[in-house]
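Novice: Chain residues, written in single-letter form:
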Amino acid sequence: MSEITEQQLKNIIEAALLAAGEPLHVERLLSLFEEEVRPEKKAIVAAIEALQADCEGRGIELREVGSGYRYQARSEVSRWVSRLWEERAPRYSRALLETLALVAYRQPITRAEIEDIRGVAVSSSIMKTLLERGWVRIIGHRDVPGRPALYASTKEFLDYFNLKSLDELPTLSELKDIDKINAELDLRLPGEGRELEGESSEAITLSIAADAEPVCFD
Amino acid sequence: MSEITEQQLKNIIEAALLAAGEPLHVERLLSLFEEEVRPEKKAIVAAIEALQADCEGRGIELREVGSGYRYQARSEVSRWVSRLWEERAPRYSRALLETLALVAYRQPITRAEIEDIRGVAVSSSIMKTLLERGWVRIIGHRDVPGRPALYASTKEFLDYFNLKSLDELPTLSELKDIDKINAELDLRLPGEGRELEGESSEAITLSIAADAEPVCFD
Amino acid sequence: MSDQTTLSEQHPPQQAEMPFAMVLGSPLTELPKDLYIPPEALEVFLEAFEGPLDLLLYLIKRQNLDILNIPVAEITRQYMVYVELMTEMQLELAGEYLVMAAMLAEIKSRMLLPRPVEVEGDEDDPRAELVRRLQEYERYKQAAEDIDVLLRVGRDTFNVAIDTPDKKSERPQPHVELRDMLLALTDVINRSEMFAHHQIQRETLSVRERMSQVLAKINPDSFIEFTSLFTVEEGRRGVVVTFMAILELMKQSMIEMIQAEPFGPIHVKAVGASEA
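Chains as they are written, first to last, in the numbering used here: chain X, 1 to 218; chain Z, 1 to 218; chain A, 1 to 276.
Treat the hints loosely; a few may be bogus.
[To be verified] Residues from chain A that keep clear of chain Z, each with C-beta distances beyond 12 angstroms, as calculated:
no., residue
1, Val81
2, Leu85
3, Leu112
4, Glu136
5, Thr186
6, Arg208
[Said to hold, decoys possible] Where chain X lies over chain A, by a calculated footprint (3+ residues, C-beta under 8 angstroms):
no., region
7, 49-57
8, 153-165
9, 223-229
10, 255-265
Since the hints were derived computationally from the structure, they do not count as laboratory data. Don't be surprised by glycine CBs; every beta carbon is placed ideally from N, CA and C.
Using the sequences provided together with the hints, build the complete structure.
Specialist: Given below as structure tokens:
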């Protein structure tokens, strides 16, 4: 078999990404080629970048999401494209979205922990919906009495919300420490108060960073 | 709503055709637009023609088929794209491997004889699979009631296992030292190692050659 | 206090403008005071709260209060009005609302006690735990709203797929390592007592293989010449192997040999398969 040209490589990858019906990783794209003619990984990446550039100004774009690269319709044309289907996109309740947010940002998390933060019980139907949609899955059990299930988000969650990794989730708002206000009320030394403030916000940043670490479960 | 530009129209049609998952007629494409801004039919056709021209030299093409227009992968790239759906090879059962080994070592052999040695029945599907794979063939029938078929190994069998002749298989007495052979194989072959196909048969050939006693007949 | 940056000021628009309910097609962002509200609308409004923390946050936001310095007495009074309303409406009141009511009452009473001046630390502020919980809930409430506006498949973006007309999908054949087959054979050997009594130990595979080859060459319908089974190029060893194979086949009555006259040509044919 003869060498595959750059243009051919681009064409194959374009067609494969469009035909797959699901996001594809570079490794999967590599596997389309027999060993003797298999291009280098960086050639694949270069082809993807070229294809991404080709989408400029068009109705579709080539994006990387949780489970790989995929072509998708641009949001600019979604109002017309959505008319292809009778059904409207489903709306999700606040309870479901808040539960999902807690799983996404605080994973792995138990149902009791979710209830603790939300201040109300989480209905079983919400957990069921999240599991059925494949956005959330049980990745283990906490080693405490009752061995409650630990929930985590999935790649499908990232895919559905058009995210490459959990890093891309919107940043959580900072927590303010009541210390600070007390300090100010008590008219402490301004320096001291500021220091406290600095410390607390640093601690928060760290904890957010730790929370938002990309989690990959296969 | 403002007028839809030519470029916008092209983008909408491109995205709609790709997202629909089925061929679309011009009428269906027209229905995506509210009446006040609905383009003329000829504008849609012109946009489709422009999109078709854009596909020149790429991995996909926009074709009119019976039920409308659709994007599809070009036949030039289909051999690579098809590999997306390549099924993973199934594994043969232990029963099949035992049957194959008995045919190789005890040929010509009848199914009843195989069953006799294995102590369990040999299913017809196993013999069928081995015959279809071309590793085993019927070379005659034993002249006993029922005239059972006599099975033997084939040249394809030797080729597959990279053997010049059955001689290169370890003798049964050598097989008693299979643990030794295993140990040697394991040194070279950690795990199942599908991808190490070439290496493993080489390793086996080497170890057999080293162990093989001079063949003598008495 | 007013110029202090508060959480409520950081995210005012979404929080304050988010409608809690749609009443007759128009958004209801605030509980109308002193006005007659149709009971169904009030019910929808009250049911929209995601629990006591959500209700408290609403009360705080509505009055633009600093979350870090809640006037507990006033908030508690308002909270209780809502809880009573819910009870009156016979809404299924989550138990959490009453637990919160008790917590508020406790904080209120502790706020009335004089605070010791020397002792520092947030533990002194009876509101600390409540503030922590409110903030914690608020950040995930906000996160949920943020997630809700992310580009979503099926709403803001659509997956695409094209056809592959010349799709060739071949089912690959299973792969077998020689080693796997040998292991299978040793299993059989170990399992089968009678295998030990078989004479195959003495037999060599080359004879077995040659038996198959001889059988493949001959057929039951016609005799072929004995000598044609031998290949001189194989040398002495090859001839011996073939001869052994023929003897074994004869012993097993799988072939038939005929010699018409002494020293005449020997002919071979397979046994009795002609009627097959």
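Novice: Confirm or reject each hint.
Specialist: Results for each hint:
Every Cβ of chain Z is farther than 12 angstroms from the Cβ of Val81 of chain A; the closest lies at roughly 46 angstroms, confirming the non-interface assignment. At the 12 angstroms boundary, the C-beta of Leu85 of chain A stays outside the reach of chain Z, the nearest C-beta of that chain being 43 angstroms off. Residue placement check: Leu112 of chain A keeps its beta carbon more than 12 angstroms from all beta carbons of chain Z (closest about 61 angstroms). Annotated as non-interface, Glu136 of chain A keeps its C-beta farther than 12 angstroms from every C-beta of chain Z; the closest such distance is 40 angstroms.
Taking the minimum C-beta to C-beta distance to chain Z, about 5 angstroms, the non-interface status of Thr186 of chain A is violated against the 12 angstroms cut. With 12 angstroms as the threshold on Cβ separation, the claim that Arg208 of chain A sits away from chain Z is violated: the shortest Cβ distance comes to roughly 5 angstroms. Restraint check on the region 49-57 of chain A versus chain X: 5 residues with Cβ-Cβ distances below 8 angstroms, three needed, restraint holds. For the region 153-165 of chain A, the stated coverage by chain X is satisfied: 12 residues place a CB nearer than 8 angstroms to a CB of that chain, which reaches the threshold of 3.
By the rule of at least three residues with a Cβ nearer than 8 angstroms to a Cβ of chain X, the coverage given for the region 223-229 of chain A is violated, with 0 such residues. Only residues whose beta carbon comes within less than 8 angstroms of a beta carbon in chain X count, and the region 255-265 of chain A has 0; fewer than three means the coverage is violated.
Checked against the numbered hints above, the structure breaks hints 5, 6, 9 and 10 and satisfies the rest.
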